[in-house]
Amino acid sequence: MVRFADPRPRVRYRSAVHPFRFGVTAGRVPTRETWTDLARRAENLGYDTFLMSDHLGHQLSPVGALAAAAAVTSRIRIGALVFANDYRHPLLLAREAATLDHISKGRVEFGIGAGWNMSDYRQLGMRYERPGLRIDRMEEALVVIRRLFAGDRVTHAGRHYHLEGARLAPAPVQRRIPILIGGGGPRLLGIAARQADIVGLLTQFDRHGRPIASQATEGETARKVAIVRDAAGSREAFERLELNVLVASAGLIGSGASPLGSVASALKAVAPKVVGGTPYLLHGTLAQVRETLLRRRDQLGISYYVWSARLAEPMAPVVEALAGR
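The opening residue of the sequence shown carries number 144 in this note's numbering; numbering runs sequentially from there.
Mixed in with the good hints, there may be bad ones.
Stated by the list, open to error - Between beta-carbon pairs, the in silico distance windows are:
| # | residue 1 | residue 2 | range |
| --- | --- | --- | --- |
| 1 | Glu307 | Asp180 | 40 to 46 Å |
| 2 | Ala210 | Arg184 | 14 to 20 Å |
| 3 | Glu456 | Asp373 | 37 to 43 Å |
| 4 | Gly268 | Ala466 | 41 to 47 Å |
| 5 | Ala293 | His232 | 16 to 22 Å |
| 6 | Ala466 | Gly397 | 18 to 24 Å |
| 7 | Thr298 | Arg438 | 47 to 53 Å |
| 8 | Arg184 | Gly275 | 38 to 44 Å |
| 9 | Glu307 | Met269 | 23 to 29 Å |
| 10 | Arg175 | Ser217 | 17 to 23 Å |
| 11 | Ser357 | Arg310 | 42 to 48 Å |
| 12 | Arg296 | Glu456 | 45 to 51 Å |
| 13 | Asp180 | Arg383 | 34 to 40 Å |
Derived from the structure by calculation, the hints contain no laboratory data. We put the CB at the ideal spot given by N, CA and C, even for glycine.
Put together the whole structure using the sequences plus the hints.
Put into structure tokens, the structure is as follows:
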């Protein structure tokens with residue numbers, strides 16, 4: 144059994160609990176058939192969400208790829224983890240999400256972030272500006288997007304965006320598209336607590352996309368949950384939020400999934416003794432992983448886990464044991 148490096152949090156952050164949900168994230172696939180097979184397999188294995196990132200590297204474009212995934216599935220929710228706000232005007236991004244909601248018959252989960260990948264900005268010919276300015280743009284865009292999702296006709300004159308009489312027609316199928324915002328720092332976590340339905344608890348990254356080791360511990364995650372709780376404004380508002388973690392590496396003993404030793408590679412040389420106490424790693428027997436997830440939900444409120452699609456089958460026993468419970 145992996146021993147945790149951090150003292151276990153002693154504060155129980157919420158009395159109400161959300162049922163467990165599990166998702167997979169995919170991207171680099173060689174053919175259309177491989178992509179649609181991944182989506183079908185995730186649904187058949189009981190996963191709740193089929194997600195992908197939004198980068199300009201060697202991967203499919205998210206909107207077209209997610210539409211293809213929606214067309215071959217009927218239950219699993221689809222979305223980006225997450226759309227980079229700076230790459231699209233908020234009206235266009237809201238329109239893409241509404242279109243996906245129609246194609247999927249109301250199964251979109253909308254993730255949005257401020258953007259962080261320097262290579263993407265370089266390819267787009269965009270300035271890689273300070274985080275505060277990127278977050279400013281995302282926060283303003285989110286105001287516009289939420290109004291568009293609600294069916295409003297939007298006229299907006301802000302610091303970063305201007306719209307005149309904009310409206311989504313047709314409107315999304317869902318009356319309220321779930322919004323996910325991920326964050327590692329206090330400001331983004333605060334925005335997520337106030338504006339999102341799902342809060343992604345992220346490790347913080349440097350400007351080159353490398354995780355900061357000290358941000359990956361269980362104790363640091365507890366601190367982030369406390370920030371979210373305080374920013375939510377009330378116990379009821381906090382307990383409405385679903386807390387999410389993107390798992391960097393996972394494995395069940397005897398399953399063939401990635402062992403503990405590979406975590407250093409997954410987190411770009413973060414020491415395994417530090418990683419051993421992080422929510423971004425799941426490793427052990429099925430019983431041990433189940434116990435860990437139940438404990439973390441009880442103590443921190445984390446109920447929604449996502450990992451790579453290549454781990455979909457090896458980690459399926461966890462999904463079978465806990466999804467919806």
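Problem - Glu307 paired with Asp180, Cβ distance criterion 40 to 46 Å - result: holds (44 Å)
Problem - Status of the given 14 to 20 Å range, CB of Arg184 versus CB of Ala210 - result: This hint holds: roughly 18 Å between Cβ atoms.
Practice task
With 38 to 44 Å as the target window, see if Arg184 and Gly275 comply at their CB atoms.
Solution key: This hint holds: roughly 41 Å between Cβ atoms.
Practice task
Look at the Cβ atoms of Ala466 and Gly397 and judge whether their distance stays inside 18 to 24 Å.
Solution key: Given about 21 Å between the Cβ atoms, the range holds.
Exercise for the section: With respect to the beta-carbon atoms only, verify the hint that Glu456 and Asp373 lie 37 to 43 Å apart. Expected result: holds (39 Å)
Handout entry: Whether the CB-CB distance between Gly268 and Ala466 falls inside 41 to 47 Å
Key = For Gly268 and Ala466 the Cβ distance comes to about 43 Å; the hint holds.
Handout entry: Consistency of beta-carbon spacing, Glu456 to Arg296, with hint 45 to 51 Å
Key = Since Arg296 and Glu456 have Cβ atoms about 46 Å apart, the given range 45 to 51 Å holds.
Practice task
Mind checking the hinted window 17 to 23 Å against the Cβ distance between Arg175 and Ser217?
Solution key: holds (19 Å)
Handout entry: Range agreement (Cβ of Arg310 with Cβ of Ser357, hint 42 to 48 Å)
Key = At 46 Å between Cβs, range holds.
Problem - Outcome for the supplied range 47 to 53 Å, where the beta carbon pair is Thr298 and Arg438 - result: holds (49 Å)
Handout entry: Ala293 paired with His232, Cβ distance criterion 16 to 22 Å
Key = holds (18 Å)
Handout entry: Asp180 versus Arg383 beta-carbon gap, inside 34 to 40 Å or not
Key = The hinted range 34 to 40 Å holds for Asp180 and Arg383, with Cβ atoms some 36 Å apart.
Violated hints are absent here; each numbered hint is respected by the structure.
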